[in-house]
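Chemist: Listed below, chain by chain, are the residues.
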Amino acid sequence: MYNMEQTTTIWEKIAWFFETFVFLYGTSMLLMYALLAMLSFISIRLYQKKAAYADYTKLLDSPLVPGISIIAPAYNESVTIITNVRSLLTLNYPKFEVIIINDGSKDDTLEKMIAEFSMVQVDFAYNEKIVTQPVKRVFKSTNPAYDKLLVIDKVNGKSKADASNAGINAAAFPYFLCTDVDCIIEKDTLLRMIKPFMDEEGKKIREVGEPCPECGYRHIQEDSRRVIASGATLRMVNSCEVDEGVITRVRPPKQLIPRFQEMEYIRAYVLGKMGWSYINSVPNVSGGLGLFDKEVAVKAGGYDHKSFGEDMDLVTRMCTYMRDNKMKYAIRYIPTTQCWTEGPPNLKIFGRQRTRWGRGLIQIMSIHKKIIFNPRYGRLGMIVFPYNLFFEFLAPVIEFLGILYYIYIIATNQINWPFAKILLLFVYTYSVMITTLAILWDQITYRYYKTWREVLGICLMAFLEPIIYHPLIVFFALKGYFNFVTNRKHAWGNMQRQGFGQKQTQTA
Amino acid sequence: MVLADYFFAPFFRRYFYYFDSYPIVIQIAILLTTIAVLATFSAYAVILYRRYAGNRHEKKLARINPDLDNYITENIILNEQLATGEPVNQIVLPMGIFEKSLYRRRWVQQATIDRIIHYRKNFGGEIGGLLKKLYIDLELDKVSFKRLKSVKWDKKVKALKELTAMDMSIADVNILPLTNSKNRELRSEARHAYIKLSKNEPFKFFDIVTEPLLMWDQLELFKIITTTKDISIPNFARWVTYSSNKSVVAFCLKLIVHYNQQQAIPAIEKLLDSKDHYLRENAINALGKLKAEDTENKLVSIYSNQPLTCQLEILKALGRMGTGNHLEFLRHEFLRSADFDVRKNAAKSIINHKADSASLLKELLDTATAENALILKHCMNPLIKY
Amino acid sequence: MNEVPAKNILIVEDDDIMLKVVERILKREGYGVEIARDGKEALQKVQDNKYALIITDLMMPYANGFEIISKVNGNAEKRTPVIILSSLGNEDSIMEGFKMGADDFLRKPVMVGELVIRVKRLIDQNK
Chain Y
1 MYNMEQTTTI WEKIAWFFET FVFLYGTSML LMYALLAMLS FISIRLYQKK AAYADYTKLL
61 DSPLVPGISI IAPAYNESVT IITNVRSLLT LNYPKFEVII INDGSKDDTL EKMIAEFSMV
121 QVDFAYNEKI VTQPVKRVFK STNPAYDKLL VIDKVNGKSK ADASNAGINA AAFPYFLCTD
181 VDCIIEKDTL LRMIKPFMDE EGKKIREVGE PCPECGYRHI QEDSRRVIAS GATLRMVNSC
241 EVDEGVITRV RPPKQLIPRF QEMEYIRAYV LGKMGWSYIN SVPNVSGGLG LFDKEVAVKA
301 GGYDHKSFGE DMDLVTRMCT YMRDNKMKYA IRYIPTTQCW TEGPPNLKIF GRQRTRWGRG
361 LIQIMSIHKK IIFNPRYGRL GMIVFPYNLF FEFLAPVIEF LGILYYIYII ATNQINWPFA
421 KILLLFVYTY SVMITTLAIL WDQITYRYYK TWREVLGICL MAFLEPIIYH PLIVFFALKG
481 YFNFVTNRKH AWGNMQRQGF GQKQTQTA
Chain C
1 MVLADYFFAP FFRRYFYYFD SYPIVIQIAI LLTTIAVLAT FSAYAVILYR RYAGNRHEKK
61 LARINPDLDN YITENIILNE QLATGEPVNQ IVLPMGIFEK SLYRRRWVQQ ATIDRIIHYR
121 KNFGGEIGGL LKKLYIDLEL DKVSFKRLKS VKWDKKVKAL KELTAMDMSI ADVNILPLTN
181 SKNRELRSEA RHAYIKLSKN EPFKFFDIVT EPLLMWDQLE LFKIITTTKD ISIPNFARWV
241 TYSSNKSVVA FCLKLIVHYN QQQAIPAIEK LLDSKDHYLR ENAINALGKL KAEDTENKLV
301 SIYSNQPLTC QLEILKALGR MGTGNHLEFL RHEFLRSADF DVRKNAAKSI INHKADSASL
361 LKELLDTATA ENALILKHCM NPLIKY
Chain U
1 MNEVPAKNIL IVEDDDIMLK VVERILKREG YGVEIARDGK EALQKVQDNK YALIITDLMM
61 PYANGFEIIS KVNGNAEKRT PVIILSSLGN EDSIMEGFKM GADDFLRKPV MVGELVIRVK
121 RLIDQNK
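Chains as they are written, first to last, in the working numbering: chain Y, 1 to 508; chain C, 1 to 386; chain U, 1 to 127.
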């Protein structure tokens, strides 16, 4: 809050610009959160209204349901593989298959499946639409009770993306659900997640170009909004009671780090993704659970095994594919929790995960930089990417610079302590409010947890987050960026090939 | 904000002596801080209240439902008179628990409706009829009809769902306005209800609807049409020929296949000249499922001009018909095509010919390339379905 | 293996209402009835006991109906008749059910009279 006329030195001018920028930045970020909170509320209310009369069982006995292939890569999952495959096989849906990709496990994951489900090797005509590491063998069960199961044994490709691609290649149905084999999925997940694909409004067709001289037919294009992906809320399984792959009692994690994550997930999905979904600007469908349109995913080139954020990368490429081909699309989220995943239990693993995410984000920002502020890409270019650039990607950087600046003005004794405290308190209470609202929206969706003490246990995290959890996230994100920048040469080479591959799939 | 300032300024002035002299940014920050704190505590209050109210409701339901279950099991499912062959409408249901004043409360009535509907989903025939009698005897239909008059669209949809689940007839004056509602959900639900409950012309919406039937609508309609007892099934070829709504045509094709309406084949065959790929694809699919062998030659003759999706449907159709007239064509496609899916579908259709293609299959297996042999083996393996 | 009276029926169903009602109906007809609420319980029961008839749903937690059928009739010398009672009504599931060795397929909503007749017929046949 300097007065420009009194400033003399260049440093003071810089300080003034920095302060003004941070002020505007902070204000718009707070506004964004307020907006998201409102949008997500409308979105959840609408979902609730529909849920009050929607009858998902109608899907069960209909011959018109679209088939879904569940794709779950497994790498050294020997301990849990059997119960988890069983749990996938007993999902409520009339037409689905379960594809487990044994990604060159070093333990007996494959052997266990072969024994438990009486599987034999079959001659499988595998169509390599997306290039992956070689598939060694394909197995089917001789017991008709397990005829939904398909097991692929492939050479390890050092990434989930490569294994998932092999699954997509083998998938028989027009939609595929991507998940991790150690995630626990609610029984009604497929029913709930396919619905957005089936009741998206705004369908029409249009004729384009001149009639074909050979057949006399005019080329017809679907001008309807096609749902290309849907997602749902994820939560932590850490302290839940699980019986053979079925959740029997939901509980917030007892350990600190996973509990923070549960709070963060609730905010990111129920408040974030639901808000974005309402204005059709979902930036990402989580790798833990997402249902995709196979045709679009394949045309977009499948997962990129070199990406550190392969889920967001795929969604971005699917969106650009749709935009490049002038097709309308939508990505929809549902607020109910359908998937329970194991959160990193300690700081070390957590740090590794977040560093990777940070690295993934900067990688996506640089690979897809042509999208940013490009009106050709519609909402993707004008909303999704600018938001991600400023409020996801740049946030840790600006926060870090802000802290440095604070330290500087404290050290040089230029700080106005009362005002600084008031502003700090404001940011703190605002962040607590947003998180608490997210928890409220979540409770409106469904009364998760058994006791109100457990709910308050999650609410409490909102107070601790800005002090403990948030600095950690900022630190690991910066570390991820740093890793990316210092490995620059290597990463750049990857990106070149990436760009090339992309063009190929688009013209194909 | 100005208004809030007007109210809060004196308050702040008392606690922050210098409030007025602060920069505007700080003033706003203080205001928003207060709002944030208030909002946070309100959120807690709402969470606690919702949990309390929700849990209480659940407990109350847990007390009511066993009584309802007992009543329905004893008096409806195990009804003595029903067992002796008494017609449903002559059976007198005892009042039992419903004498209690508790059962005239709004939420208990709702719980009763939900329970009856759940039973009706599981039990049909005379028991279903008796459940409907209970619903009417308890005047629960009035509850549903009253909700149909609600101003909220979601309440109206719920009312329609209840009334259709109970097979109640709704007067046209009540339902026709809803079929033109601005709200898509309500509009389609009203149409579904009309098809199910209208005695006059249940399918008249197929004539007038201009917007596409969403997949979800098609699913619901299909269920209603195929499960409603006394609906008279028309010849769906009518819409295949005359409707300009592509989704209605596609949907009618599915119904034609379901009811195996062979007389519709000429109408479907005309669709093969449609310029819409999607419609042609669906038409070919229907012809295959109807085993319309007379159209086989036409399908083969148009094959080379079709886009991939239609070509695949033609290959499938030939397999479904299984006449053996075009095995040479299938063989040709299997051997010559560069496209994996074409080869796979050609192989499947050859195999579908069973005994007729045994010698051809043997020949192909002996001579095919490694990849083609793999496709054949894949399609022949009974363990692999797709 | 416990040798239970020949007229014992096992009902496997995860919908509580359906389970209880079918139990009452069959008990009224004079059969001994045991119930299982999910696939795990059912697999345990068919392993420990021998039943005159099994009525099973298809979609349940832990194990589906097909698995139960294959467990019952997979390597037994004397088959146990099975009726599938399910809301899954597409042709594929029905075909699959019969392929697995189910003797009958009843779709929800169920006609009680029909259920009783089919149960009686299968049990009498198997005597």
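Derived by calculation from the structure, the hints in this document are not laboratory data.
Since we're looking at a predicted model, the values are computed, not measured.
Incorrect hints may appear among the rest.
Distance ranges between label pairs, derived from CB positions [said to hold, decoys possible]:
no.	chain 1	residue 1	chain 2	residue 2	range
1	U	R121	C	D172	31 to 37 Å
2	U	Q44	C	K291	43 to 49 Å
3	U	N49	Y	N156	53 to 59 Å
4	Y	P471	C	A370	38 to 44 Å
5	Y	N374	C	S42	27 to 33 Å
6	Y	Q121	C	E74	53 to 59 Å
7	U	K7	C	A171	47 to 53 Å
8	Y	P345	U	K7	51 to 57 Å
9	C	D172	Y	L31	47 to 53 Å
Note that CB positions come from ideal geometry on N, CA and C, so glycine has one too.
Chemist: Quick one: are N374/Y and S42/C within 27 to 33 Å, going by C-beta?
Modeler: Roughly 41 Å apart at Cβ, these two residues miss the hinted range, so it is violated.
Chemist: Kindly confirm whether 53 to 59 Å is satisfied by the beta carbon distance between Q121/Y and E74/C.
Modeler: 57 Å, holds
Chemist: Please check whether P345/Y and K7/U have a Cβ separation lying inside 51 to 57 Å.
Modeler: Taking Cβ atoms as reference, P345/Y and K7/U lie about 53 Å apart, which means the hint holds.
Chemist: Given the range 47 to 53 Å, decide if the beta-carbon distance of D172/C to L31/Y lies inside it.
Modeler: 50 Å, holds
Chemist: A range of 38 to 44 Å was offered for this pair. Does it hold for the Cβ distance of P471/Y and A370/C?
Modeler: This hint is violated: roughly 59 Å between Cβ atoms.
Chemist: Can you tell me whether the CB distance of R121/U to D172/C sits inside 31 to 37 Å?
Modeler: Given range 31 to 37 Å: violated, Cβ gap about 46 Å.
Chemist: Please test the hint of 53 to 59 Å on the beta carbon pair from N49/U and N156/Y.
Modeler: 45 Å, violated
Chemist: Are K7/U and A171/C spaced within 47 to 53 Å by their CB atoms?
Modeler: For A171/C against K7/U, whose Cβ atoms are near 51 Å apart, the range 47 to 53 Å holds.
Chemist: Within 43 to 49 Å or not, the Cβ separation of Q44/U and K291/C?
Modeler: 46 Å, holds
Violated hints for the displayed structure, listed by number in ascending order: 1, 3, 4 and 5.
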